[in-house]
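Trainee: Each chain is listed here by its residues.
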Amino acid sequence: MGAPFTADTLQGPKIDWFALSPLLVLLGGAMVLLVGAALTPPWPKRWYAIFTAKVAAAAVVLEVVLWHRVDDKGPTTLVGDVLHLDKVGLWIAITICVGVFLAAMVTDDYLRREGLDGPELYVLYMLAAVGGIVMAAANDLIVLFLGLEILSLALYVMAASHRKRIESQESGIKYFVLGGFSSAFFLYGVALVYGGAGSTNFTKIVAAFDATVELNRRNDALVLAGIALLLVGLAFKVAAVPFHFWSPDVYEGAPTPVTAFMASVGKAAAFGAMLRVLLQALPHWSDDYRPVVWLLAVITLVGGAVMAVVQTNVKRMLAFSSISHAGFILVGVEAAAHHGGPSLTGSGVSSVLLYLLIYSVLVIGTFGVVTAVGRTGDAATGLAGFRGLGKQQPVLALGMTVLLLAQAGVPLTSGFIAKFGVITAAVDVRSYAVAIIAMVSAVIAAFLYLRIMISMWIAEPEAGDDAREPVRVPMLLGIAIGLSVTFTLVIGLFPGWLIDLAP
Amino acid sequence: MIEFPILTLLVLVPAVGALLVAVISKRQPDLVKVTALLTSVLTGGMSLWVLFAFKSHNPDFQFVSQHTWIKPWGISWHLGVDGISLFLVVLTGVLFPLVIAGVDPHHDHKRYLSWMLLLEAGVMGSFISLDLFLFFVFFEIVLVPMYFLIGGWGYDNRVYAATKFFLFTMVGSAFMLVGIIATAVLAKADDGRVTFDLIKIAENATFAASTGRWLFFAFAIAFAVKVPLFPLHTWLPDAHTQAPTGGSVILAAVLLKMGTYGLLRFGVYLFPEAAVWARPLFLTLAVIGVLWGAVAATMQTDLKRLVAYSSVAHLGFIVLGTFALTTTAITGSVLQNISHGLSTGALFLLVGMIYERRHTREISKLKGLQKVAPVFAAAFMVVMLSSIGLPGLNGFVGEFMILIGSFATARWWVVVAASGVILAAVYLLWAYQRVFHGEPDEDNKAFPELRWKEASLLLPFLALIVFTGVFPKPMLNRIEPSVNKLLDHVEQNSDWQQPEPLEPVISEEGEG
Amino acid sequence: MIAAVATPTTTWYLLLSAVLFTIGVVGVMVRRNPLVLFMCIELMLNAVNLSFVALARRLGDIGGQSMVFFVMVVAAAEVVVGLGLVVAILRRKPHATTDDMAELKG
Amino acid sequence: MLDLVWLIPALPLLGFLFITVAGRKLGDPKAGYFATAMVAASFAVTVGVFVDLMSKTAEERTHVRTLFQWIPVGSLKIDVAFLADPLSITMCLFVTGIGTLIHLYAVGYMHGDSRFSKFFLYLNLFAFSMLMLVLGSNMLVTFLGWEGVGACSYFLISFWHEKESAATAGKKAFITNRVGDWGFMMAMFFAFWAVGSLDYSVINGAAGGLTKTTATAIALFCFLGACGKSAQLPLYLWLPDAMEGPTPVSALIHAATMVTAGVYLMVRISPILEVSSSYAPTIIAIVGAATALFAATIAVAQNDIKKVLAYSTVSQLGYMFLAIGSGAYTAAIFHMVTHAFFKALLFLGAGSVIHGMHHEQDMRRMGALRTLMPITAGTFIIGWLAIAGVPPFAGFWSKDDILLFAYDKSPILWLVGLVTALLTAYYMTRQVIMVFYGKARWHDAHAEHGAHGDLVEGARSELAPHESPWMMVAPLVVLAGLSIVGGAINLPFSHNTERLVSWLEPVVVVHESTTAKLPLALVAIAVGLIGIAAAVLVYAKHKARVIEPQILADAWGYDRSVSNFMGGPGRKAFDGVVWADAHVVDGAVNGVGALVSATAGKVRKLQSGNVRNYAAAIGSGVVLLLVWFVVVRGML
Amino acid sequence: MELFVFVVAGAMVLGGAVGVIVRSHPVHAALSLILTLFGVAVLFVAQEAHFLAAVQVIVYAGAIVVLFLFVIMLLGVDNAEDLRIEPFKVQRPVAVVVGAGLLAMIGMAIIVSRKATVPVVTQSQAVQDAALEPHDSNIKALARDVFSDHVLAFELTSVLLVIAVVATVMLARKPRPGELTPLEPKVGAQ
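Protein chains in written order, with this note's numbering: chain X, 1138 to 1640; chain R, 13 to 524; chain S, 300 to 405; chain L, 28 to 663; chain C, 25 to 214.
No wet-lab data here; the hints were simulated from the structure. Quantities reported herein were computed from a predicted structural model and do not represent experimental measurements. Each residue gets a CB set at the ideal place from its N, CA and C atoms; glycine is no exception. Please note that the accuracy of each hint is not assured.
In the DSS-like style, the derived pairs of lysine-lysine whose C-alpha atoms are separated by at most 25 Å in a straight line are [as the list claims (entries may be wrong)]:
| hint | chain 1 | residue 1 | chain 2 | residue 2 |
| --- | --- | --- | --- | --- |
| 1 | C | 113 | S | 404 |
| 2 | R | 212 | R | 83 |
| 3 | L | 436 | R | 377 |
| 4 | L | 436 | L | 239 |
| 5 | X | 1301 | X | 1182 |
| 6 | S | 404 | L | 632 |
| 7 | X | 1341 | C | 113 |
| 8 | L | 83 | L | 145 |
| 9 | R | 383 | L | 57 |
| 10 | R | 465 | R | 45 |
| 11 | S | 392 | C | 198 |
| 12 | S | 404 | S | 392 |
| 13 | C | 113 | L | 632 |
| 14 | R | 38 | X | 1528 |
| 15 | C | 198 | X | 1341 |
Computed footprint of chain C on chain L; a stretch qualifies when at least three of its residues, placed anywhere within it, have a C-beta under 8 Å from a C-beta of chain C [stated by the list, open to error]:
| hint | region |
| --- | --- |
| 16 | 641 to 648 |
| 17 | 652 to 658 |
For reference, chain X alone in the conformation it holds in the complex:
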């Protein structure tokens, strides 16, 4: 017997488990659901959804608790300085969990209606949420990348999860190919920045560039190229023109609840990541990327709005409108970039966060209605599907109207508050041009909301309308829509407290 094998002890970073609790809860929930559902006979109706909603709710609660902790102790970083525990991160985490909460309820009846059994979709929701939260809280490029991959992979699968609709699978594979493509670019960007800065950790990166007295361009060509590629990855995720092409197809093809999830959670996480990367990791380079963000914002606003005009499928319309919304948020990001980082403060950041939360709730509600109207087969999402909704389901139609008006940014709805915040931020930093463009493109976008409202309320019924399967509004879906409408109106009337909260 030779010398006894001795493993030398490894000094891991100290881990603040409570700070990670939201992540753990979601993970745990996912595991329980996955394993539990696998081992036990199929759960009764609605249980999967309710379970997921409860998990999300629990996560929200924990995040709120953490919020207060941050209020007291101030922001910190976790697990060896790779995760942030700050209000921005928590805000987006909350947004994401709210998204999961609502999306789960929207999904419930849908799955039964479409005969797509099984809890996997919910598992993916929760896991994707983990990825999103990590993205938005990351303080390290590689962690951020992993979060991004978790979210993306989950989304690819979800998009393709409607086994009976070939469109669903097509959208899944499209999303996958383009997603992989762009994340490869992102990764390359990470590599180049790593090469230029000597680390992937935001804190270290900032430190490195603080050290270099004056930014010598020749030295930092690598970093610049890296930033470009990082931007590509992020722009793809937020579906900014011209990296938006995937989104209309995927939104249309994916099962409607999943579309809702993408539009809310996906966007929130992606913009969180964008704020982190641009403002927190690369504040020194704001002069370099701000013009790009400006341009992206403009073409995204206009492009999204204009292209929506000619669409006839509501899911597709909403896809383009969500592109246009992304443009609005980019305006906020641009404004935030004026303040510079690495601390995430200023009207720009808060306007972006406000917009994200409001829009997430809004868009899930909207797609919730589309889910109901899609009817069995999830195919009746054309404008025709909405014809006469005002007569058959006046309440539902009214809710949809409120949500659409909010998306159009009509006052007394949350949508207006969101736009107002972003425009204020933009005007604050004197970028009037982009503000005007944003508002005008909002008008163009309004046209498509009007078209939906027209077919709901005004359009004359046509032959065979009565033969159509009636639109059902099951309980959970109804609750979800109701919640989002209520939120929309409440925030529209009394936004003060929310604005106060926004960091």
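Fit chains R, S, L and C to the known structure of chain X by using the hints.
Mentor: Frame of chain X; chains R, S, L and C shown alone:
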């Protein structure tokens, strides 16, 4: 001290009414109607109370109520009435019950009424809000009910008209929103923290000339669309023609006034320097509008469209008066807001009644109605003459004040605009002749005479038309002080001086 | 000749990886078979890995290598998912190329 | 009594209101009598006021009675106030006086009309407006009346609106007047701008302080207004058409009262006219003279009994403006009064004839009526002598007065006036002969012309021409009397006999004529007689060929060419605007929309649905970003 | 020597890569991929990343490519893809331009910054000691780095793998009979 929040109620009561109507079950149509009517009547009553409690010869805002609304953005629920807005509020308050009681939408009463009440709340709000943000909220929210009224209860081409109306106006508001925010943000520099309070900004903030002009235009575009000022007027004929009678009445009587009112309250008051600077442009557009509208009206074949174009002409006069920047002219404009509301509103009612009877608005299809319905014709005649601006009726007073008041500061524009008076006679008399004179043909023989319900609906209009024409003094007493205050503000904040009122020179030797 | 040239520096490796990456990109654009598309993406990832390792060496930092480690896991997961998707869709549309998967458009 | 001046317009207004409410109940003929009573009452009041004024010294003969503030804003202080002074009261006297007579006449004339009460409603409203016009102490109240009478004449001309022509005529009258009103408004604006008030007292008082240009502007703009109201070139067009209205209307509005409003206005502001540049009065005089001659020539060839009188009215009004232009304001008023007498008389006579002829208006179908309607004929003949300028009838004195001042102004104007007088005598004689003398040509009339003209149900029964009822004849007699003695109010023999002049002196500028009056008077008489003689030769004795060239019958084609222009190029221009509105202005709006959707249509092609294209798009995006970062930001 | 290795391996890498995108037959493409992967592994070794080299060979060349081949065979999609024709005329030109641009830009960046001052990187203590050890320092250092500084990332990879599992469960599950109506293969754009 806590005084009765009358203005807040002016907004809330109809809003609540709208909700009530919306929640009441479809199966009780009568209950729906009663609720709607009661709330609107209540609102009207309150507006009248405001009118009587209003202290005349007092230039300041009255019944002011101010509460913080969105603290972080310095936005407050700030309402107040002064001479400029007073009568618009009253007009709104009085008009809605009449329309709700008198005009039948024929289907979906529940939705119709609830939109109507929401509309009333919005209009009221935009006339009494003294906070830029608040004003914008109301200004914008008005679009929604109007959109649905046109789209839901309008005629053949309603979707196009409604959409056009919505988007056209929204483009204007888009600029105004940015303007509002920019104003507040820039004003912050002068007054510690950001505020959207109209008075605070107007009194404290000072903008660089160029900035002020940009901001002014951001506002002016929105209002120019709303007025509508040539060449941004083309949404109006479509909207009017397609809107249901009730909608047209409201649209003409109060909605358009949000534009002229806005120009005065938020254009001239906030940016005097810019307003003075932009005078020539607006005067010119206004005058073009007067002639253009009149000429276009002359050749219309659709009675409603004709009236719509006449609105373009009339509002041209109002804008002319606004930018003449003299006490007389602006007071005239404010008065003309009301007069036009009355006469054009009544005209639309009458046209609506004709449509109810004949299911056409084509002038060529109508003939000799005066013979079969003399009373109806008489009513139409009176309203028409007031619209033509016959002295002794309301239309004349405002128009004359505008013209004579503007003559000193905008002579050549007046010289041209006055010829609009001739054209007014042309298009209305011609239309009247074609519709009412001659021997009625087969289709028109059975044209029913004015009914009591309709008569009682028209009576208030006629009464006000005559009263305002004969004895406008009480109105002027309430309007003028505020106008003077406004003009003082303008003169202090710009190089503008309105010509001194001449002292009549009595030369000794009577003949030269 | 060759001896005259100095030993390959990091830059060489970086350039090599850039070329490899580009080839991957071009591949994604020109190939129609979904599987080959995935392979091209793998090429891109490998190129990145190469850069990571090269840069890690230049920086004398092991971190770069752990990046590669993670990237490999990601790549694996991606392939699994991707192939899953392909299986799912090709079951419905045998022999479909990406060009055939263009129902959603406009 | 003076403070009751407001009663003068108030009473007809009262009548109007009462008839509006109770007219139908009163019915035919009570409503008519009621209306008549109202006007009569206001005549009584007027007389009272008149007496009151007479009792005062010349200086105090101006009294202002303010009722209430109308439009008090800023420096603009406009009251509803009445000005009782010799000028206005003179007007009131004959407005109310003749008004009463014509009301009475109308009771008979309109008997049996379906809208009997409505007619008197309008008539009273007219009386009210006319009196407002006259009594207004500031331009705006005058304008109120001014527009009011315009509206009433519109109502009354198109009273029988079932007739296309009537409706059109009414509209034409209103719109043409509006053109004049534009001038009136301009005058007001200038006056207010220059003087800061619209009160006649202030304006006239300040006349001395005005610059020539301002004064000229005010004067000429007022004259433009007057041209509209008083049917002068080029705006006279509406008056002949106005004959579509019932004959009492023609008599009251389009002969005696309303059309003289322009003259009244010019006299009102005579001080301004005095201080304006010399060309202003000249222009007025020329326009007046031209109109007088122009209309007279046309009257020569008219066959419609009322058309002749209409053109004659235009011509006489021309006379009055000639007077004003020549500075003979009193003469203008004088002629206005006398003209009111005999022209009203003539119109009512014509009405009586038409009534008797069952609404036949074509003189060629009349003749020899003097036997059948002796009173009408007798009175008509008096009127004829008066207008023809035969002494001692009223017309002679006033016309003579005008010619006198015209001669002062310029012999040419005098000559024009003279020729007009000749023609007047000629065509009036022609009319008298055609209607009352010669052989009866009316037997064949009814067959095809039964329904022609004014549709009065009651008068359908009898067939033969007949004398009219008393309430129609009585006014004729009264007016005939006035036409005979009317001249007495202003006889040119001495200052004492020039009562009107001395009466108006305090308010109206009075010039002294330097020319010898007698010779001119003799010439005028001679000319008048020649005219009569000529007509007699042509139409009674048939010694000479009838000269009625088509061009004259067609009113020199002026009216036609104007309406052709309106219907042609004018309408085209309007259509052009409408086209532009739809295609240019609105076209731009819709164009934007079309553009957006077109672009969208193009862009959506990029959304090909093919992954590889999307990848290419992303790739290009990458390259662009890299170019920006690496090249633009990194190298440059 | 190192130069030689670089050239050879580089040749393998590029050759393989080119092979992947020009060989019309997917199987051949997969095989050329293996070539590339091996080349990369060799370069790893040259860069003193021995552990990664091993993983590269085992995981990539071993597992992943085999997976590819397996799927190809499973689905029988081993039909050659005709690369001579290109339905989208612009596609290849664009591809070339993009490729050229990308290469040019990144290459430029790399070359420009080749003389850049290398930032100083401070390793965590554990990693530093590991680096000093005589043998398998690379593995130790890597392990320490992964499990200390990047422990969270490491844990996240597990989530990734869970998702992969769920994905396969969801996507590759056999459809119930009659659940899916097979669509006739659509001929592509050509």
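Trainee: If a hint holds in the structure, say so; if it does not, say that too.
Mentor: Hints versus structure:
This hinted pair checks out: residue 113 of chain C and residue 404 of chain S have alpha carbons roughly 19 Å apart, not beyond 25 Å. For a cut-off of 25 Å, the pair hint linking residue 212 of chain R to residue 83 of chain R stands: about 16 Å separates their Cα positions. Between the alpha carbons of residue 436 of chain L and residue 377 of chain R the distance comes to roughly 57 Å, so the proposed pair goes past 25 Å and is violated. Simply put, residue 436 of chain L and residue 239 of chain L have alpha-carbon atoms about 20 Å apart, close enough for the 25 Å limit, and the pair holds.
With a C-alpha separation of about 21 Å, the suggested pairing of residue 1301 of chain X with residue 1182 of chain X holds against the 25 Å cut-off. A C-alpha spacing of about 9 Å is found between residue 404 of chain S and residue 632 of chain L, which places the hinted pair at or below 25 Å, so the restraint holds. Our distance criterion of 25 Å between C-alpha atoms is broken by residue 1341 of chain X and residue 113 of chain C, whose separation comes to about 47 Å. Distance check on the hinted pair: residue 83 of chain L and residue 145 of chain L sit about 41 Å apart at the alpha-carbon level, beyond 25 Å; violated.
Pair hint residue 383 of chain R plus residue 57 of chain L holds up; C-alpha atoms about 23 Å apart against a cutoff of 25 Å. For the proposed pair residue 465 of chain R and residue 45 of chain R, the alpha carbon gap of about 16 Å is at most 25 Å, so the pair holds. Between the alpha carbons of residue 392 of chain S and residue 198 of chain C the distance comes to roughly 15 Å, so the proposed pair stays at or under 25 Å and holds. With a C-alpha separation of about 18 Å, the suggested pair residue 404 of chain S and residue 392 of chain S falls inside the 25 Å cut-off, and the hint holds.
Taking the CA atoms of residue 113 of chain C and residue 632 of chain L, the gap is near 15 Å; set against the 25 Å cutoff, the hint holds. Our distance criterion of 25 Å between C-alpha atoms is met by residue 38 of chain R and residue 1528 of chain X, whose separation comes to about 12 Å. At roughly 49 Å between alpha-carbon atoms, residue 198 of chain C and residue 1341 of chain X are farther apart than 25 Å, so this suggested pair is violated. With a cut-off of 8 Å between beta carbons, the region 641 to 648 of chain L has 3 residues touching chain C; three or more are needed, and the interface restraint holds.
Counting residues of the region 652 to 658 of chain L whose beta carbon lies closer than 8 Å to any beta carbon of chain C gives 4, which meets the minimum of three for the stated coverage.
Checked against the numbered hints listed earlier, the structure breaks hints 3, 7, 8, 15; every other hint is satisfied.
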